[in-house]
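Asks: Chains as they are written, first to last, in our numbering: chain R, 28 to 188; chain A, 6 to 149.
Take these hints with a grain of salt, some might be off.
Here are the simulated DSS-like cross-link-like pairs (lysine-lysine), alpha carbons at most 30 Å apart as the crow flies [stated by the list, open to error]: (1) R:Lys106 / A:Lys43; (2) A:Lys43 / R:Lys47; (3) R:Lys86 / R:Lys75; (4) R:Lys86 / R:Lys71; (5) R:Lys86 / A:Lys113; (6) R:Lys106 / A:Lys113.
Quick caveat, the hints were computed from the structure, so don't treat them as lab data.
One-letter residues, chain by chain:
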Amino acid sequence: MPRMSEQVRHLIGLENLLLKARRRHRECERDEGSSQGPRTRQYKLLIKRLSDEIHAADKGQLEDYLAYVEQDLIPRIAKRVEGTKIEMVAAARHVVDGKSQLMEHRSEYSDALERSRSVRERLGLDPFKPAEARFGLGPHPPNADMHVREAHDLVKEYLKG
Amino acid sequence: MSQMDPGPGADLYRARLQGADLRGKDMREANLALANLKEAVLADALLTDAFLFAANMSGADLTGAHLINADLSEADLFGANLRGANIAGADLRRANLALANLRGARLKGSNLRDANLNGADLTDAELEDADLTGATFGDTGVEG
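This is chain R alone, in the form it adopts within the complex (with noise of 0.2 Å):
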């Protein structure tokens, strides 16, 4: 388990509420229509001040921050997604609940290798591809539309008998 440093720490809530904000973001470009409403442009700027805060860290602690990423985070999303494929498949019947829950870890999922991504690049590090090294899934998990497909097939099973 990697060391979780005030900083480390720190550099987690601001990306938390980076997320917030770009979410924020996209809803007000909705509701203003336009990329120039009053509202969107105050996210925008508030997503720049985050963006800058996180990219002010120094080396040592993006490192930090990777790790707790890359061996924290993601293994722990892959591990829950993986849990819900098996539920899924199991308990056929539940299948759109399943289906919901496994597009919501997928969503994490993809803003943690985003996370990722981000720190790497600023690093100058290779892209990290931990799913498919360690868990044989691909840049989106795993696989989800076919399992619901099978799970809807065994549903259809389950009806006909």
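Chain R is fixed; fit chain A onto it per the hints.
Replies: Just chain A now, kept in the frame of chain R:
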């Protein structure tokens, strides 16, 4: 750098205003995103169109405050006193309003999607045209 003088349109991004006495202050259109306003006194303050994204306003006194069209999305208003506040048209998406006092608050046309209203007192609150999709309401007090 943040301009720390509260006033209309002030840039108070990430300002540390915990417990500050800002009652009746005119802070229309101020940028208070991520500000720490925990337990601040903002009674009757003018915060119309203010930008309060993810501000920490837990335990703040916002009695009678004007928050019309303010952006309070992701804000922490846990246990805040918003009695009689005018929050019409405000954006409170994913805000934490647990145990907040919203008695007689005007929330007409506000967006409360996915807000946490657990234990909030909504007695006599105006909720006409408010969007409450996904909001949670466990133990919410509504009298009269």
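Asks: Is Lys86 of chain R close enough to Lys113 of chain A, meaning Cα to Cα at most 30 Å?
Replies: Violated - the C-alpha atoms of Lys113 of chain A and Lys86 of chain R are around 49 Å apart, more than 30 Å.
Asks: Given the hinted pair Lys86 of chain R and Lys75 of chain R, is their Cα-Cα distance within 30 Å?
Replies: Given that 30 Å is the threshold and the Cα spacing comes to 20 Å, the pair holds.
Asks: Mind checking the alpha carbons of Lys106 of chain R and Lys43 of chain A for me, to see if they're no more than 30 Å apart?
Replies: violated (37 Å)
Asks: Are the Cα positions of Lys106 of chain R and Lys113 of chain A separated by 30 Å at most?
Replies: violated (44 Å)
Asks: Given the hint that Lys43 of chain A pairs with Lys47 of chain R, does the C-alpha gap stay at or below 30 Å?
Replies: Holds, at roughly 20 Å.
Asks: Taking 30 Å as the top limit, are the C-alpha atoms of Lys86 of chain R and Lys71 of chain R close enough?
Replies: holds (26 Å)
Hint check: violations occur at hints 1, 5, 6; the rest are consistent with the structure.
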